[in-house]
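These protein sequence lines are chains A and B, in that order. Sequential numbering of the first sequence, starting at 1, is according to this note's numbering. Sequential numbering of the second sequence, starting at 1001, is according to this note's numbering.
You may find that some hints are simply not true.
Claimed, not checked - Among chain A residues calculated to face chain B with C-beta under 10 Å, some are: (1) V4; (2) N7; (3) P43; (4) F65; (5) G72; (6) S73; (7) F74; (8) V101.
To be verified - Covered stretches of chain A, going by a simulated chain B footprint (3 or more residues, C-beta under 8 Å): (9) 8-17; (10) 21-29.
Please keep in mind that the hints were generated in silico from the structure rather than gathered at the bench. Cβ atoms here follow ideal geometry from the backbone N, Cα and C, with glycine treated the same way.
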Amino acid sequence: DTGVSQNPRHKITKRGQNVTFRCDPISEHNRLYWYRQTLGQGPEFLTYFQNEAQLEKSRLLSDRFSAERPKGSFSTLEIQRTEQGDSAMYLCASSYPNDRVYEQYFGPGTRLTVT
Amino acid sequence: SQQGEEDPQALSIQEGENATMNCSYKTSINNLQWYRQNSGRGLVHLILIRSNEREKHSGRLRVTLDTSKKSSSLLITASRAADTASYFCATEHNTDKLIFGTGTRLQVFP
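Chain A extracted, bound-state conformation:
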């Protein structure tokens, strides 16, 4: 399977702990996006990279959140001092321009539960 992969698929952590998620995009895709989705809502944009450069960050991304894409391939999303409000599905997507349009392909997501 050469789609977007995310690890872990599920994470349960106690409030105050740090967590890190990993996303491996489709290999030839130069853009990588992170979204967060809470129950009953559509995904909300968090941040995106073009190669290793982080081009945009949402105001949803507080100081406790940091994302990296060190070599322009896989990406990590770290949440420090987790809070119960961080419980959500974290989705990663990747894309490559097709006639100037970036069609995004999503991974299966990492479901975070903060107890």
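Go by the hints and put chain B onto chain A.
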């Protein structure tokens, strides 16, 4: 915040019937995309329609776009139980990120 509003929020139909979902958005777009999400799983890209297009087809899917009304519709013809999922529209603006609607939960009964 989310850009789009989808209507209806939930839809229940019998297999073989057609399902229509609508999406409205607030500001001008480059393109609009429709995604499907099965319960608790990732999103699957269904179809993309550019701002200069009015209608697009893919298999049993038909998407229309009316930029003057800032709205789009997704029609699934001859629905199947396997079409049961949540459907989201997402708009792309000059920033290349997607802004998703609130989704329509479709239930198709066999």
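Going down the list of hints, with the structure as the test:
Among the interface hints, the one on V4 of chain A holds; its C-beta lies about 8 Å from the nearest C-beta in chain B, closer than the 10 Å criterion. The closest approach between the C-beta of N7 of chain A and any C-beta of chain B is roughly 13 Å, which is over the 10 Å cut-off, so the hint fails. Against a cut-off of 10 Å between C-beta atoms, the interface hint on P43 of chain A holds, since the closest Cβ of chain B lies about 5 Å away. A hinted interface residue such as F65 of chain A counts as satisfied when its beta carbon comes closer than 10 Å to some beta carbon of chain B; here the least separation is about 16 Å, so the hint is violated.
Because the smallest distance between the Cβ of G72 of chain A and any Cβ of chain B comes to about 17 Å, over 10 Å, the interface hint for this residue is violated. Hint status for S73 of chain A relative to chain B: violated, with the closest Cβ pair at about 19 Å, above 10 Å. Violation of the interface hint for F74 of chain A is found here, the shortest Cβ-Cβ separation to chain B being roughly 17 Å, above the 10 Å cut-off. The restraint placing V101 of chain A at the interface with chain B holds, with a minimum CB-CB distance near 6 Å, inside the 10 Å limit.
Under the rule that three or more residues need a Cβ within less than 8 Å of chain B, the assignment of the region 8-17 of chain A is violated, with 0 such residues. With 0 residues having a beta carbon nearer than 8 Å to a beta carbon of chain B, the region 21-29 of chain A misses the requirement of three or more and the stated coverage is violated.
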